[in-house]
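Going line by line, the protein sequences match chains A and B. Mapped onto my numbering, the consecutive letters of the first sequence carry residue numbers 138 to 284. Mapped onto my numbering, the consecutive letters of the second sequence carry residue numbers 1367 to 1631.
Just so you know, the hints here were simulated from the structure itself, not pulled from any lab data. Just so we're clear, the structure is a prediction, and the values are computed from it rather than from any experiment. Incorrect hints may have been included.
[Claimed, not checked] On the chain A side, residues computed to face chain B include the following (Cβ under 7 angstroms):
id: 1; residue: L153
id: 2; residue: L154
id: 3; residue: A160
id: 4; residue: G161
id: 5; residue: R191
id: 6; residue: A210
id: 7; residue: A213
id: 8; residue: A218
id: 9; residue: F224
id: 10; residue: L270
[Stated by the list, open to error] Some, not all, of what chain B presents toward chain A, calculated at C-beta under 8 angstroms:
id: 11; residue: A1454
id: 12; residue: A1463
id: 13; residue: A1486
id: 14; residue: A1491
id: 15; residue: L1536
[Claimed, not checked] Chain A regions said to be covered by chain B (calculated; three or more residues, Cβ under 8 angstroms):
id: 16; stretch: 140 to 151
id: 17; stretch: 164 to 178
id: 18; stretch: 183 to 189
id: 19; stretch: 192 to 204
Ideal Cβ placement from N, Cα and C applies to all residues, glycine included.
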Amino acid sequence: MSEWSLLQSYLVVGGLLFAIGLAGFLTRRNLIVVFLCTEMMLQGVALSLAAWSRYHQDWGGQVLVLMAVAVAACEAAVGLALILMLFQRTSSLDVLRWQDLREEGQPAFVDRHIPEEIEPAPQWPSLTPAGRLPTWKEEELQHRARV
Amino acid sequence: MSAAIWADVLAAFSHREPLWRGFVAGGIVLVACGLWLILPRSSPRRRMWGTLSVLLGVGSYLTAYSESGAAGLQIVFWLLAAWTVTAAAVSISMPSAVYAAVWFAASLVGVSGLLLLQGAQFLGAVTLIIYAGAIVVMFLFVIMLAQPRGHEVYDRLTWSLHAKFLAAGLAAVLPALLVGWPMTSADHLTTQTTDPITPAFTGYRPLGEPHAAGHTLLLGKDLFSRYLIHVEVAGTLLLAALVGAMAIVLYGRSAPLSCGGNRHE
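Excised from the complex, chain B in its bound form (with noise of 0.2 angstroms):
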């Protein structure tokens, strides 16, 4: 290849925007990364990540090259959906109560892509940071203390049937209910009810823009001004709760119980 059409490719790639070039040099390295951990040689481990990486390198492609990146868009979305509804459902078919809540910990990261891919990165990130990091450590501390050995009888039995075909007949009902909705008259009051996406608006900053004011800074301004007392209570109820916690750990074992809790014939 002659090097006027090097240079002539590199001019094109040149004057794309910096978001384009970013996309598909990513979508470059995931799949090439990709298609080196599938080879034969490797462990199931690796072949795993490897289909992953290839995965969303075709998906960073397809966001590069499609219209408006909404095919990019869709594949995405739907791999963080499949992702954390089959993490929930596994997490609540886990006899052991660990696996059950780091399963849920693993749903967690899926809402918390899901929650970016929205545009809400305050979100996305507090998802992470204080659900993910500090409630479901909790959970684990306090099975630490109050699980005694490995499965015990009550892990693996459910409720009756009654509450099983209950349970999953409504599991399966909701979701179908919401897909069924029509568009109401009301919906044709907001703008671009059928238009393609855009990342922008009024408050979430477009993709590829600099961050002048940024997401969490136009979030922030509306939370302490038309929601400061939203955020005033919020931080009096912490304050009741860790009281509330403390003394019950404090005092809950010497206090009398109104009912039996020894009843288990």
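This is chain A alone, in the form it adopts within the complex (with noise of 0.2 angstroms):
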């Protein structure tokens, strides 16, 4: 394996990262989720700074990636103390709510189809049993009462 295929499987990833948190920022509509795909996002680009910074022999690339882990860490505290403030107006983290922010003239989106929450069926406790066993007579075992 060479340095050149090192930094290429390394960037495929970190790409890879990247695209599947940029998916879940363009789809999901929880706030939290979409802040989480935020940080998949910083997360994605970090893989690509380290594997460089490997590649160019240089301490730029990992010194970019700790500045980018506190710029995650302030943009995490100052993100989520705005989304519970908006929490608290609205008593709902639906993205949706905030829809007045878009440019102006677009069409109001509306859900149409809500699906149904699938609940998985209760699993009752089992409790073992207790008591006597009743008792039967042998006879009335091998009788059958309904033909």
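Dock chain to chain to rebuild the complex, using the hints, since each chain is given by itself in its own frame.
What follows is the structure, given as structure tokens:
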């Protein structure tokens, strides 16, 4: 395995992480999950930076990753505080509540088809049987009451 | 077996470098534990751990016995990369926000392993400690404070079809572009582009050498001399973010809104 192919592999993994974060960011509607996908995109970039730092034998890539982690911590703090405040006003984490922030003239986005919540079958706790077994007679067991 | 053969084997074993011995011994232990856990009397969870242990042990053997250790490196890299990408994909597919955050933390463990494999030890530790240990935990706390009950309607839905196709298409195209990236003429300027990987370059330590001047020391030297202003700016940014978050939480409830937050027709 050469340096170049190692770099390529790391870039692909970083790119995949970034792309998956991008896909989640564009499609999810929960504010917190959208923010989580932002952090995932930052991780993809961090992997690429570390790979380039090794390839060019320069510490600058790793320093940039450290700065990106510091910035990610700051944005997580401020962003989550904002999300908390938004939740306290509307008691919902839906991004749809804030569609007034888009450009003017856009049609309102309305949920037409709401899927049902699929709940798993409830698992009742199993109790160990206690008490005595009922006594029965042998003839009564073999006698069929219904034909 | 006679004692002379055992003596020869032990002598040959002790003449190798300690790193090789470590890999072979580690491989033996991992494969043994894994095979023991795989036995049919175990529960499914033990079988999973057993398979993982066997795979790691095989990777360890390959690292010891291959020419430059590159085959083991490749196997470990592919395992870590598969784990990272799978955990990330599962994370965005979970309707529950808590599960999404926990799967993201699992993906961060994979990223930390990949960074360690790259030789960026400080970064691997920082990813685990700060990202998975502080940021994701903060996410979970905010979910606890902000999620009234289980799955809401917006957790089960995504945006329109167009957004889904765009997102999935981008996710498929982006890594494909990277794989097909040709080597330009500028890449030939750096040395060792097609040579096999050496774990040591100017800054990083080889795996087996004693840590006289460690990786963190060399990174810190560069960080606090050449990138000192960056560090100071990052510190100021952290202070500003701290004050800002507190201000938002303390004064955010009474501040008037300029746009409506309740329109949900």
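Checklist entry - Under a C-beta cut-off of less than 8 angstroms, do 3 or more residues of the stretch 183 to 189 of chain A approach chain B closely enough to confirm the stated coverage? => result Coverage by chain B holds for the stretch 183 to 189 of chain A (4 residues, Cβ < 8 angstroms).
Item to check | When the least beta-carbon distance from L153 of chain A to chain B is tested against 7 angstroms, hint result | outcome: 5 angstroms, holds
Checklist entry - For the hint on A1486 of chain B, does the least C-beta distance to chain A fall short of 8 angstroms? => result 5 angstroms, holds
Item to check | Cut-off 7 angstroms, beta-carbon criterion: hint that G161 of chain A touches chain B | outcome: Given a least distance of 3 angstroms, the restraint on G161 of chain A holds.
Next on the checklist: Would the hint on A1454 of chain B be counted as holding, given a Cβ-Cβ threshold of 8 angstroms to chain A?
Outcome noted: For A1454 of chain B, the interface hint holds, since the closest Cβ of chain A sits about 5 angstroms away, which is under 8 angstroms.
Item to check | Hint status (Cβ of A160 of chain A to nearest Cβ of chain B, threshold 7 angstroms) | outcome: 4 angstroms, holds
Next on the checklist: Given a cut of 7 angstroms on the nearest C-beta pair, is the interface hint for L154 of chain A held or broken against chain B?
Outcome noted: 6 angstroms, holds
Next on the checklist: Taking 8 angstroms as the Cβ threshold, is the statement that the stretch 140 to 151 of chain A is covered by chain B upheld or broken by the three-residue rule?
Outcome noted: Answer holds; 9 residues pass the 8 angstroms Cβ test.
Checklist entry - Are there at least three residues in the stretch 192 to 204 of chain A whose beta carbon sits under 8 angstroms from a beta carbon of chain B? => result Held - the stretch 192 to 204 of chain A has 10 residues with a Cβ nearer than 8 angstroms to chain B, which meets the minimum of three.
Item to check | 8 angstroms C-beta test of the stretch 164 to 178 of chain A against chain B, three or more residues | outcome: Result for this restraint: holds, n = 11.
Next on the checklist: Can you verify the interface hint for A218 of chain A: is its Cβ closer than 7 angstroms to any Cβ in chain B?
Outcome noted: 4 angstroms, holds
Item to check | Hinted contact L1536 of chain B with chain A - closest CB pair below 8 angstroms | outcome: 6 angstroms, holds
Of the hints listed earlier, those the structure fails to meet are numbers 10 and 14, in rising order.
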